[in-house]
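2 protein chains.
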Amino acid sequence: MKKAILVLAVSATLAASLAVADDAALRDKAKSAGLLPIPPGVPEVANNPITREKVDLGRMLFFDPRLSASGVISCNTCHNLGMGGDDNLPTSVGHGWQQGPRNSPTVLNAVFNAAQFWDGRADDLKEQAKGPVQAGVEMANLPENVVVTLKSMPEYVDRFGRAFPNEPDPVTFDNMAKAIEAFEVTLVTPGSPFDDWIEGNDAAMTDAQKQGLDLYIERGCSACHAGINFGGQDYFPFGLIKRPGADILPPEDKGRFEVTGTASDEYVFRAAPLRNIALTAPYFHSGQIWDLTQAVAVMGTAQLGTEINEQEAELIVEFLHALTGEQPRIEYPILPVETAETPRPDLSTLPLKGYGD
Amino acid sequence: MKKAILVLAVSATLAASLAVADDAALRDKAKSAGLLPIPPGVPEVANNPITREKVDLGRMLFFDPRLSASGVISCNTCHNLGMGGDDNLPTSVGHGWQQGPRNSPTVLNAVFNAAQFWDGRADDLKEQAKGPVQAGVEMANLPENVVVTLKSMPEYVDRFGRAFPNEPDPVTFDNMAKAIEAFEVTLVTPGSPFDDWIEGNDAAMTDAQKQGLDLYIERGCSACHAGINFGGQDYFPFGLIKRPGADILPPEDKGRFEVTGTASDEYVFRAAPLRNIALTAPYFHSGQIWDLTQAVAVMGTAQLGTEINEQEAELIVEFLHALTGEQPRIEYPILPVETAETPRPDLSTLPLKGYGD
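Chains as they are written, first to last, in our numbering: chain L, 2 to 358; chain D, 2 to 358.
Bound conformation, chain L alone (with noise of 0.2 Å):
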């Protein structure tokens, strides 16, 4: 009986130094791998300092809807930060229920990524931000429209002022997406599984997101989708060793090619940051894929040359789930008044005006 209890409590201690030198492996091997935790504090970003005058300010303009021509969209109409930052659509709708070429990237942890859009277009997100706003597929306004929106209402003048001091002219269509950056810059989303998990703690993640972590590496998931977003950081072209169907990729969509105009940049893409994937269904830049195991099927043959199987993928989707962090808690913003001044919203699709991309 003794001995019993003595193999019983050997066995124990083996199996708890097995597990921690499992995971004390495994954790290098991530790091190894570029795999990196959201760093703590409000993330700093190019030429816009973030105040707390800045950031209200932005969230109001992320949710105003007079942004766009009709009044009817707004960032969050697309980048809905109840749904995991994205509008969980194929692809957006916008003015005149137009739909957009591509799917919406989440605006959740953006600030991690080295460009912004499926083709990097936009260095940051304050340049990202004048996009859609002029978009004749989604906002359709013209930026001296949404400035003398903005001044016609008392206070955005008020609030512009003390967001953008000693400024002789602070309502300007650049320190509109400067706020925006700003608001966006606090939308991070710490305190993962994987998170706790490579900080040191065990028990953060399960055995199967354990298993699905290494697969990621041994796969080569991680060389493309790394750093602290889990992606966002490089170009590639979809279909590296076998091009996806039309239906995934399709054809008349050349991605960066369409920026850059260098022939290699055919069918290249920015690798998709993978942090809250699970919250952002369709997948793919065309938004076709609803399931996240058979969009790791897809990267395998498509990326990898690799068969995936059911097994694995499933292993590595349950490690992406470990990516889904805590949600952030916004109040809804209380939207300045609209005045006599304030421009008509104009719902009329012909002739769309301010076309952009």
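Derived from the structure by calculation, the hints contain no laboratory data.
Just so it is clear, the structure is predicted and the values come from calculations on it, not from any experiment.
In this text, a Cβ means the ideal position worked out from N, Cα and C, and glycines have one as well.
Hints may contain errors.
Said to hold, decoys possible - Selected chain L positions facing chain D (in silico; Cβ < 8 Å):
#	residue
1	V46
2	V73
3	P346
Since the structure of chain L is provided, determine the placement of chain D on it from the hints.
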């Protein structure tokens, strides 16, 4: 010198007592006219006990665009809680960019209305909530599809279970409407200058607002726009004295006649509730008047048969601004995650399904 001081002191006392007497008299007059403050606490509604679980669920549903067929339109799209509880459009934009027939009424304080919609066709908020979800020009969904959508998300199933305990099948279209009603019941705006003033704080309204209130009663506005919500209590022909032009009163919209079929209900509408009216331009069921002073003048001519001159209209508008209360501070809800069983968004506009009203 002493005499001068004495005279001044007496004058000040007289002025003060005069002001108090004026306020007290005006307060009595306002109460006699049926103008009431927002009562403290959460209002009760019939057949729907308000619980924290139900309110929280209702908040999610109110902001969830997946109640619409497209996955694009939520209750908050047309009843924006950051914009006075409406959309600041002449008439709302719905499924397929269709424009609805009538101006979106505010959801704020709607619990105090005797019935819902411009024609009062819904007895209460839970009945009202079912309308836009099914209306082809609004959310264009079908009740059975809504239930499938809600049942596809485990978090909703769990929350319906807790909001409607002891029900064998809590996820129903009716319970969706009850939860939305429970949330909407909390959307009241106490603490307006009028409310503070009627409760005894003379300083809460300006002199101009008090003059405006007096005119509001004297000219007869309070005959239709009274009660807690300054309207929303009864039905009146628009153009009681003189029918306004077809731009303001489109001949094809016969109002309550479409509900009752009674000839005397032609062009009859529910008197608009006037709380927070300064936040909810444009005005009238047609949404064609953007200027509140002009709206007051139209009312004078159409309903009262009296020319309210511009100075009087401006004073009445000053008073109407005193009806802007504390706007509800709402945490933007994190919505349940979709699953493989969640119906896909249906963006198609032909054939429209679920044509309601």
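Next item on the list: Identify every previously stated hint that the structure contradicts and give their numbers, smallest first.
Entry: Hint 1 contradicted; others consistent.
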